[in-house]
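2 protein chains.
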Amino acid sequence: MGILVVGSVALDTIKTPFGQVEEALGGSATYFSVSASYFTDVRVVAVVGEDFPEKHVSMLKSKKVCLKGLERAPGKTFRWAGFYDYDLNTAHTLKTELNVFESFEPKLPEEYANSDIVFLANIDPVLQRRVLSQVKSPRLVAADTMNFWIENKRDELIETLKLVDILTINESEARELSGEPNLIKAARKVLSFGPKTLIIKRGEYGVLMFNDGNFFSAPAYPLEAVYDPTGAGDTFAGGFMGYISSIMDWADPNLRKALVMGSVMASYAVEDFSLGGIKALDYKEIEGRFKEFKKLSHFEDL
Amino acid sequence: MGILVVGSVALDTIKTPFGQVEEALGGSATYFSVSASYFTDVRVVAVVGEDFPEKHVSMLKSKKVCLKGLERAPGKTFRWAGFYDYDLNTAHTLKTELNVFESFEPKLPEEYANSDIVFLANIDPVLQRRVLSQVKSPRLVAADTMNFWIENKRDELIETLKLVDILTINESEARELSGEPNLIKAARKVLSFGPKTLIIKRGEYGVLMFNDGNFFSAPAYPLEAVYDPTGAGDTFAGGFMGYISSIMDWADPNLRKALVMGSVMASYAVEDFSLGGIKALDYKEIEGRFKEFKKLSHFEDL
Numbered sequence: 001m002g003i004l005v006v007g008s009v010a011l012d013t014i015k016t017p018f019g020q021v022e023e024a025l026g027g028s029a030t031y032f033s034v035s036a037s038y039f040t041d042v043r044v045v046a047v048v049g050e051d052f053p054e055k056h057v058s059m060l061k062s063k064k065v066c067l068k069g070l071e072r073a074p075g076k077t078f079r080w081a082g083f084y085d086y087d088l089n090t091a092h093t094l095k096t097e098l099n100v101f102e103s104f105e106p107k108l109p110e111e112y113a114n115s116d117i118v119f120l121a122n123i124d125p126v127l128q129r130r131v132l133s134q135v136k137s138p139r140l141v142a143a144d145t146m147n148f149w150i151e152n153k154r155d156e157l158i159e160t161l162k163l164v165d166i167l168t169i170n171e172s173e174a175r176e177l178s179g180e181p182n183l184i185k186a187a188r189k190v191l192s193f194g195p196k197t198l199i200i201k202r203g204e205y206g207v208l209m210f211n212d213g214n215f216f217s218a219p220a221y222p223l224e225a226v227y228d229p230t231g232a233g234d235t236f237a238g239g240f241m242g243y244i245s246s247i248m249d250w251a252d253p254n255l256r257k258a259l260v261m262g263s264v265m266a267s268y269a270v271e272d273f274s275l276g277g278i279k280a281l282d283y284k285e286i287e288g289r290f291k292e293f294k295k296l297s298h299f300e301d302l
Numbered sequence: 001m002g003i004l005v006v007g008s009v010a011l012d013t014i015k016t017p018f019g020q021v022e023e024a025l026g027g028s029a030t031y032f033s034v035s036a037s038y039f040t041d042v043r044v045v046a047v048v049g050e051d052f053p054e055k056h057v058s059m060l061k062s063k064k065v066c067l068k069g070l071e072r073a074p075g076k077t078f079r080w081a082g083f084y085d086y087d088l089n090t091a092h093t094l095k096t097e098l099n100v101f102e103s104f105e106p107k108l109p110e111e112y113a114n115s116d117i118v119f120l121a122n123i124d125p126v127l128q129r130r131v132l133s134q135v136k137s138p139r140l141v142a143a144d145t146m147n148f149w150i151e152n153k154r155d156e157l158i159e160t161l162k163l164v165d166i167l168t169i170n171e172s173e174a175r176e177l178s179g180e181p182n183l184i185k186a187a188r189k190v191l192s193f194g195p196k197t198l199i200i201k202r203g204e205y206g207v208l209m210f211n212d213g214n215f216f217s218a219p220a221y222p223l224e225a226v227y228d229p230t231g232a233g234d235t236f237a238g239g240f241m242g243y244i245s246s247i248m249d250w251a252d253p254n255l256r257k258a259l260v261m262g263s264v265m266a267s268y269a270v271e272d273f274s275l276g277g278i279k280a281l282d283y284k285e286i287e288g289r290f291k292e293f294k295k296l297s298h299f300e301d302l
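These protein sequences, in sequence, are chains L and S. When we follow the working numbering, the leftmost residue of the first sequence carries the number 1, and every step to the right adds one. When we follow the working numbering, the leftmost residue of the second sequence carries the number 1, and every step to the right adds one.
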């Protein structure tokens with residue numbers, strides 16, 4: 001019933017050519033949860049420190065996100081600082097303070113054990129498995145990862161991938177994980193590690209999906225004002241998995257619609273800093289942008 | 001009554017990570033003509049030297065390309081030498097020998113003056129206008145250009161753009177011509193120079209079209225083996241313009257189909273060196289790949 005997500009809840013300090021924020025709400029689990037909350041119930045497994053502002057807890061609760069699995073540990077909340085140049089596809093990290101994340105031992109509340117759908121957001125692949133092992137019989141498991149784990153915990157990551165149905169990574173990560181410059185060959189190699197479905201995120205160039213011999217390419221939404229790409233990938237995953245959870249069917253045509261829904265949500269995320277772009281949407285608005293995606297990629301048969 | 005194209009006919013020496021060719025047939029007018037020949041009659045305005053191999057003339061004739069406007073001048077044929085690294089989106093020029101192109105004064109055969117559709121391939125914008133002025137009443141004028149003219153003949157290029165209905169350029173050229181990093185803003189600026197339709201080529205990321213307030217995004221065809229991207233843009237333009245010429249209708253839905261047809265042709269071009277990928281296709285094959293494009297970008301309504 002709904003989705004279980006494990007990932008980070010963070011305080012981000014970010015600068016882009018269009019502005020900056022200090023210690024704003026961020027983190028993969030946060031973006032994912034708020035995005036998925038428009039479609040389904042979300043249960044969060046994460047950790048914050050004693051300094052985590054109560055207003056962020058309230059905001060998440062207002063989106064009906066279940067926070068029973070959000071541990072409040074002694075110490076400081078995870079912090080990330082970074083910047084983007086005009087090439088908004090590349091994040092430059094200035095500082096990462098793991099803080100309470102350093103000794104995080106995810107323990108699921110008992111009632112989370114019956115979760116049907118699990119999203120393992122970008123964290124240590126060992127932790128990803130540790131969370132998954134506490135879920136009794138998940139029907140669908142999706143995961144994200146990043147270059148840091150590919151480079152430093154490759155074997156652990158490969159172990160995790162054996163348990164994953166759907167993997168979402170970005171283009172350079174797909175190349176790095178596979179060792180293949182050609183994206184089609186890279187995809188085939190990554191699929192050989194375990195996942196049945198691979199989703200490759202390409203920022204402003206959209207998203208590719210390789211699923212069971214089928215290939216799908218979704219455009220990105222043309223935006224005049226991209227302020228901050230932080231969290232776009234997690235917001236994408238939230239829309240994608242949230243939509244799947246709402247229909248509980250992952251046949252190829254439904255995965256395609258879900259992938260466009262993820263792209264819709266990501267397009268809102270980048271229009272403002274922090275959660276500003278996605279925390280106050282209504283479903284009609286989201287449906288409207290889905291229709292615009294349809295229009296912008298439609299062409300007739302010959 | 002078919003298409004008139006002015007552009008280069010060249011001998012290319014190219015190295016990519018996947019092989020190399022020496023003095024192979026190339027040039028914007030060549031790729032354009034062969035690509036468009038599957039859809040319509042093509043008339044070429046270009047110049048070659050005394051050394052231009054007869055076998056290339058025969059090949060073009062076998063595609064029913066009209067060569068009455070192909071001047072054979074004293075001297076050597078235009079030559080280009082370059083290479084590509086694994087990033088096949090970027091051509092590195094090693095040598096450009098203009099040769100007979102240096103003093104090219106395009107003179108149209110009388111019968112070309114009644115051409116309905118004109119494609120001004122990537123040459124000096126002054127020459128583009130000189131050709132256009134010899135066509136009595138063109139119904140549709142499209143053009144391509146490149147960074148060299150944007151940087152060195154900007155004012156002349158802007159003059160040419162006033163006469164152009166459809167401009168096809170690549171992503172970095174759109175940003176350079178407009179001075180805008182954001183592509184949507186860049187498009188709006190370029191359209192203010194004259195064209196009604198702007199097509200932005202993004203290599204392996206597909207093609208965008210801005211047309212009369214409409215926005216269309218076409219994916220690129222997923223290829224496992226890209227051997228040589230030379231000529232992909234001109235081949236795209238040939239398929240695009242060729243299809244339009246075959247139906248003589250440039251309403252938005254038809255421009256979209258034409259743009260996909262251009263992408264189909266470009267996908268064949270990059271699968272081999274020189275004209276190898278496009279000189280021996282049949283129309284059934286082309287239609288088949290068009291259908292695959294449809295499949296790879298299709299998703300249902302909510």
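Some clues are possibly wrong.
Copies of the same chain look alike in the list, so a pair counts if it works inside one copy or between any two.
Said to hold, decoys possible - Simulated crosslink set (EDC-like; lysine to aspartate or glutamate; CA at most 20 Å straight-line):
| no. | residue 1 | residue 2 |
| --- | --- | --- |
| 1 | K63 | E300 |
| 2 | K15 | D116 |
| 3 | K153 | E271 |
| 4 | K279 | E71 |
| 5 | K257 | D282 |
| 6 | K279 | D249 |
| 7 | K291 | E105 |
| 8 | K257 | E300 |
| 9 | K279 | E97 |
| 10 | K185 | E271 |
| 11 | K295 | E176 |
| 12 | K291 | E271 |
| 13 | K64 | E97 |
It is worth saying that the hints were derived from the structure and are not from the lab.
### Message
I want to check one pair: K257 and E300. Are their C-alpha atoms no more than 20 Å apart within a copy, between two copies, both, or neither?
### Response
Answer is both: 19 Å inside a copy and 7 Å across each meet the 20 Å cutoff.
20 Å Cα threshold - placement of E300 relative to K63: neither (39 Å within a copy, 28 Å between copies)
Cα distance capped at 20 Å. Does K279 pair with D249 within a copy, between copies, both, or neither? Answer is neither: 26 Å inside a copy and 45 Å across each miss the 20 Å cutoff.
Tell me, please, which holds for K291 and E105 at an alpha-carbon limit of 20 Å: within, between, both or neither? Neither way: K291 and E105 sit 42 Å apart in one copy and 51 Å across, limit 20 Å.
* To do: Please work out whether the CA atoms of K295 and E176 approach to 20 Å or closer within one copy, between two copies, in both situations, or in neither?
  => Neither, since 34 Å and 28 Å both go past 20 Å.
20 Å Cα threshold - placement of E271 relative to K153: Neither way: K153 and E271 sit 33 Å apart in one copy and 37 Å across, limit 20 Å.
- Query: Given a CA cutoff of 20 Å, do K185 and E271 count as a within-copy pair, a between-copy pair, both, or neither?
  - Reply: between (33 Å within a copy, 15 Å between copies)
Handout entry: Identical-chain pair category, K291 with E271, by Cα at 20 Å
Key = within (19 Å within a copy, 35 Å between copies)
### Query
Between the shortest in-copy and the shortest cross-copy C-alpha distance, which are at most 20 Å for K279 and E71: within, between, both, or neither?
For K279 and E71, the Cα distance exceeds 20 Å both inside one copy (22 Å) and across copies (65 Å).
Discussion item. For K15 and D116, with the copy left unspecified, which applies at a CA distance of at most 20 Å: within, between, both, or neither?
Written reply: neither (38 Å within a copy, 52 Å between copies)
Alpha-carbon proximity context of K257 and D282, limit 20 Å
within (18 Å within a copy, 34 Å between copies)
One pair to classify: K64 and E97, alpha carbons no more than 20 Å apart. Within, between, both, or neither?
neither (29 Å within a copy, 67 Å between copies)
Violated hints, listed in ascending order, are 1, 2, 3, 4, 6, 7, 9, 11 and 13; each of the other numbered hints is respected by the structure.
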